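Chain A is fixed; fit chain B onto it per the hints.
So you can see what is in the structure, the chains are spelled out below.
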Amino acid sequence: MTTESNHTTGGIKGVAQKKPLAILVCLSSLLLTAVIMHNIFTYYRGPDYAGQRLQERKNYYEKVLLKADVSFHEARFYEVIR
Amino acid sequence: MIVKCSLCPIECRLENYQIGSCRVRMHLDGKLVTLVYAKPCAVHVDPIEKKPIFHMLPKTAAFSIATAGCNLTCKFCQNWEISQAKPEKTRSYHLPPDEVVSMALSRGCRSIAYTYSEPSVFYEYMYETSALAHRAGLKNIWVTAGYINPEPLKELAPLMDAANMDLKGFTESYYRDVCGGSLKPVLEAIELACSLGIWVELTNLVVPTLNDDLPTIRKMCRWIRQTLGPDVPVHFSRFYPHYKLKNLPPTPLETLVAARNIALEEGINYVYTGNVPYDRNSDTFCPECGRLLIQRLGYHVAVYRVENGSCYNCRTEIAGIWT
Numbered sequence: 005m006t007t008e009s010n011h012t013t014g015g016i017k018g019v020a021q022k023k024p025l026a027i028l029v030c031l032s033s034l035l036l037t038a039v040i041m042h043n044i045f046t047y048y049r050g051p052d053y054a055g056q057r058l059q060e061r062k063n064y065y066e067k068v069l070l071k072a073d074v075s076f077h078e079a080r081f082y083e084v085i086r
Numbered sequence: 034m035i036v037k038c039s040l041c042p043i044e045c046r047l048e049n050y051q052i053g054s055c056r057v058r059m060h061l062d063g064k065l066v067t068l069v070y071a072k073p074c075a076v077h078v079d080p081i082e083k084k085p086i087f088h089m090l091p092k093t094a095a096f097s098i099a100t101a102g103c104n105l106t107c108k109f110c111q112n113w114e115i116s117q118a119k120p121e122k123t124r125s126y127h128l129p130p131d132e133v134v135s136m137a138l139s140r141g142c143r144s145i146a147y148t149y150s151e152p153s154v155f156y157e158y159m160y161e162t163s164a165l166a167h168r169a170g171l172k173n174i175w176v177t178a179g180y181i182n183p184e185p186l187k188e189l190a191p192l193m194d195a196a197n198m199d200l201k202g203f204t205e206s207y208y209r210d211v212c213g214g215s216l217k218p219v220l221e222a223i224e225l226a227c228s229l230g231i232w233v234e235l236t237n238l239v240v241p242t243l244n245d246d247l248p249t250i251r252k253m254c255r256w257i258r259q260t261l262g263p264d265v266p267v268h269f270s271r272f273y274p275h276y277k278l279k280n281l282p283p284t285p286l287e288t289l290v291a292a293r294n295i296a297l298e299e300g301i302n303y304v305y306t307g308n309v310p311y312d313r314n315s316d317t318f319c320p321e322c323g324r325l326l327i328q329r330l331g332y333h334v335a336v337y338r339v340e341n342g343s344c345y346n347c348r349t350e351i352a353g354i355w356t
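Those protein sequence lines, which keep their order, are chains A and B. Everything in the first sequence is counted per this note's numbering, starting at 5 for the first residue and increasing by one. Everything in the second sequence is counted per this note's numbering, starting at 34 for the first residue and increasing by one.
In short, the hints are calculated from the structure, not lab data. Keep in mind that this is a model prediction, so the values were computed, not measured. A virtual CB, placed ideally from N, CA and C, is assigned to each residue, including glycine. Treat each hint with caution, since some may be false.
[Said to hold, decoys possible] Residues of chain B placed beyond 12 Å of chain A at every Cβ, according to the derived structure:
1. N182
2. C227
3. K252
4. W355
[Unchecked claim] Which bits of chain B does chain A cover? Going by a derived footprint, with three or more residues having C-beta under 8 Å, they are:
5. 45-55
6. 66-75
Next up, chain B with everything else stripped away, as it sits in the complex:
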């Protein structure tokens, strides 16, 4: 007997007692079981800006959880100690969904973020926690690589308020060789998430020599503008040597600025650089009058001038979830 997992595009076919490539889903006597339900290995209270989510509830805290496991194998992974680990080799807590919600509330968080590793692989835990969180008035944030099949995404969408989705590169070869995945399903998931009403922000980690080709970045920005619209925020994030790419240098700031300029030229309204402390390119400006609306110092918000979701000066509506 074979069980086929249809959660993500890999669609593992598993014989009895066999574990999927995400390391956390297993065929057990004709059923598929998850090894990480209610077993987070990372639990933190983070500023929402750290996700990064810049256009939903700024200055608030997000209760952040992650389990072991991931369905990609990115060579630059910053959380490889948990994303590439087996759950049985990871120290975890026992934290059922209702306890996650009550802990989030007790710590004054306005949202719960499913983050750090790849939350799609702990789908059931994320789904049930999200449902309880909504009932308690909390928002849900999905920080994901977007490597998920359409059906699970459609079911998750009504519970998910915001998502930071990685668009790691814009070529199939990059996804195949560096991330162990495929670009096409990611583009489809991003498009679907936007169309299902999730507030989506995109993150592109710019890795020197691997995906920092400016014409390709322009092509990616054009796709974002034409397919998703001008109001999807794009974060160009700085790479630091990690995991299997310790041989590469950090991304030069000039490359990040060049990528940001390209995105602005292509008509994207909100473009940020990330992983760069105290950088003026992480501020939000009104796309109409150009006034500074949100000034960020690291994860701290120093200036906040969005009033009822609009620019304080010209009253242009600023895309996002502000209350």
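Okay, chain A solo, but in the shape it has when bound:
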């Protein structure tokens, strides 16, 4: 006769109950990290971001505005700040 506890039954039971929770926590952490990283990368855009945006605006100017029926008359009330 032994006083040794029955690890098999109790142990497996316990682990089986905690596993889905652990996976859920793990996935949530990963998701949260991904969201944070995405926000960081979108906020601190790459070094080419400004150049790409400028190129997009220039393309729009050349391909759309220059061909449209608009004027390019110098406006008043503005200042060049840098």
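Coordinates of chain B only, in the frame set by chain A:
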């Protein structure tokens, strides 16, 4: 390099090739350019009563022009097809200032109205046309939301004879949430326009559930009376479902009448309801003897009894520009 536009309170900071929030002013290689100079997308001859301007040259026609663009984003805009449009997506005419003036003269108009969208955003076109119009003996009318900075307004004022300025509501939250702007600069512009000698009439579009709170309307009327005086005409205009507010019903006539009564109680002499056909509340009465001076049927003037700028009966001077 960044260019800061200082025409209106938004004060857009624009990188090269970037277009401002009004959609019509653009940073181009260190300069700010307007995309709509001499490019009106709407040209009409309207009765001056349509602006509405009730106290300047009644029964005359106003040559009315507008370009695309606006610096506000009102959810109820009646002209959103042009005010919220990009100029490159709009069909426009080529009509330089001198041609606007000669067309106005040839059609028997006594004034030129800068209207429909927001004329402040086509400032340069409006300014140069106004100068030529004055030289030709025409009056100028500015139909505006008043979202403009003081400096441009000061320069424009000597050329502008009359203005119908919107006072769309009387809370910051209304201007922010419904119009995409701010109340404070509008109040300052209205006050400045009056002090610079422009004949100002105010329009308040009463939108059910959004700005039809009668205590707030009373507060607004009190501000008008105390800041601008009793002779600034106020038009309470009826809302019809439009643009992004198609879910709301037209303003009940009772609300407009209640607003008008409040304005009269607060001591404003000339209060009208608008966008209501054949309504007796769009007539002008002498504030002294109460006699009917101008009876309006829609945009048509049926009775006109202002003589040399005064009441035909008691000779009280009626505020406005009559000749």
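Against the structure, the hints come out as follows:
At the 12 Å boundary, the C-beta of B:N182 falls inside the reach of chain A, the nearest C-beta of that chain being 7 Å off. Interface exclusion of B:C227 from chain A stands, the closest Cβ pair being 22 Å apart, more than 12 Å. The non-interface label for B:K252 is consistent with chain A: the shortest C-beta to C-beta separation is roughly 32 Å, beyond 12 Å. With a least beta-carbon separation of about 33 Å from chain A, B:W355 lies farther than 12 Å from that chain, consistent with its non-interface assignment.
Counting residues of the stretch 45-55 of chain B whose CB lies closer than 8 Å to any CB of chain A gives 5, which reaches the minimum of 3, so the coverage claim holds. Look at the stretch 66-75 of chain B against chain A: 7 of its residues bring a Cβ nearer than 8 Å to a Cβ of that chain, three or more, so the hint holds.
Going through the hint list in order, the structure does not satisfy hint 1, though it satisfies all others.
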